[in-house]
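Fit chain B to the given chain A structure using the hints.
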Amino acid sequence: GAGVSQSPSNKVTEKGKDVELRCDPISGHTALYWYRQRLGQGLEFLIYFQGNSAPDKSGLPSDRFSAERTGESVSTLTIQRTQQEDSAVYLCASSESSGRTSDTQYFGPGTRLTVL
Amino acid sequence: AQSVTQLDSQVPVFEEAPVELRCNYSSSVSVYLFWYVQYPNQGLQLLLKYLSGSTLVESINGFEAEFNKSQTSFHLRKPSVHISDTAEYFCAVSTIQGAQKLVFGQGTRLTINP
Numbered sequence: 030g031a032g033v034s035q036s037p038s039n040k041v042t043e044k045g046k047d048v049e050l051r052c053d054p055i056s057g058h059t060a061l062y063w064y065r066q067r068l069g070q071g072l073e074f075l076i077y078f079q080g081n082s083a084p085d086k087s088g089l090p091s092d093r094f095s096a097e098r099t100g101e102s103v104s105t106l107t108i109q110r111t112q113q114e115d116s117a118v119y120l121c122a123s124s125e126s127s128g129r130t131s132d133t134q135y136f137g138p139g140t141r142l143t144v145l
Numbered sequence: 079a080q081s082v083t084q085l086d087s088q089v090p091v092f093e094e095a096p097v098e099l100r101c102n103y104s105s106s107v108s109v110y111l112f113w114y115v116q117y118p119n120q121g122l123q124l125l126l127k128y129l130s131g132s133t134l135v136e137s138i139n140g141f142e143a144e145f146n147k148s149q150t151s152f153h154l155r156k157p158s159v160h161i162s163d164t165a166e167y168f169c170a171v172s173t174i175q176g177a178q179k180l181v182f183g184q185g186t187r188l189t190i191n192p
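Residue numbers (our numbering), protein chains in the order written: chain A, 30 to 145; chain B, 79 to 192.
Source of the hints: derived by calculation from the structure; they are not laboratory data.
Among these hints, one or two may not hold up.
Example chain A residues on the side facing chain B (calculated, C-beta under 8 Å, incomplete) [unchecked claim]:
(1) Phe74
(2) Gln79
(3) Asp85
(4) Gln134
(5) Gly137
(6) Pro138
(7) Gly139
Over the 12 Å line for every Cβ pair with chain A, so calculated as not near, a few chain B residues [claimed, not checked]:
(8) Val89
(9) Pro90
(10) Glu93
(11) Asn139
(12) Thr150
(13) Pro157
(14) Ile161
(15) Asp163
Virtual Cβ for every residue (Gly too), placed ideally from N, Cα, C.
Next up, chain A with everything else stripped away, as it sits in the complex (with noise of 0.2 Å):
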């Protein structure tokens, strides 16, 4: 079946701009997930949806950045006001989760944002 995909695949913006990063899920995933991978360093988690329950926001590295999700489908990450410091690979992925955290997690192809 389908996996887990991103669009843009690429986005090249100006400091200051706005970006919106969208994710479509694996149809029936009930969880979600954003990460951030910069250049050289491992991946950082920053939001987590699961079902209609209030998501885990602890990784946002700051008020710029925010993401919503549709029930349990396409999720998207908005960073305002951007700065070269967001760029980065911005990885999805999906887990069947309900709640387990041994699940596994499927992941997106990602999307690579530069801030000029």
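Here is chain B on its own, set in the frame of chain A:
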């Protein structure tokens, strides 16, 4: 809080040679352990994971990892590598209870030379 350290950022080996990719973690609570792999131009995918039971876990393509609680390690090994194993490998942990997220190491780039 949890942290993961992958001591080697790059590991070059010759084809058919053995390889070990090191991973150490720090956590005050029990964790699950994962290895994810990212092949060139592909997304991350799960290679193997340790949840409980036998401390040695294996993947379908010949990799294995052993959970060592006393040394807080989860090193990844393969006795004979192939060109197709060229990829970046990420070690990760999640807590058994609590926050539903993975904490990743910085990754190890495995390069196989013919």
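Quick check: which numbered hints come out false for this structure?
none
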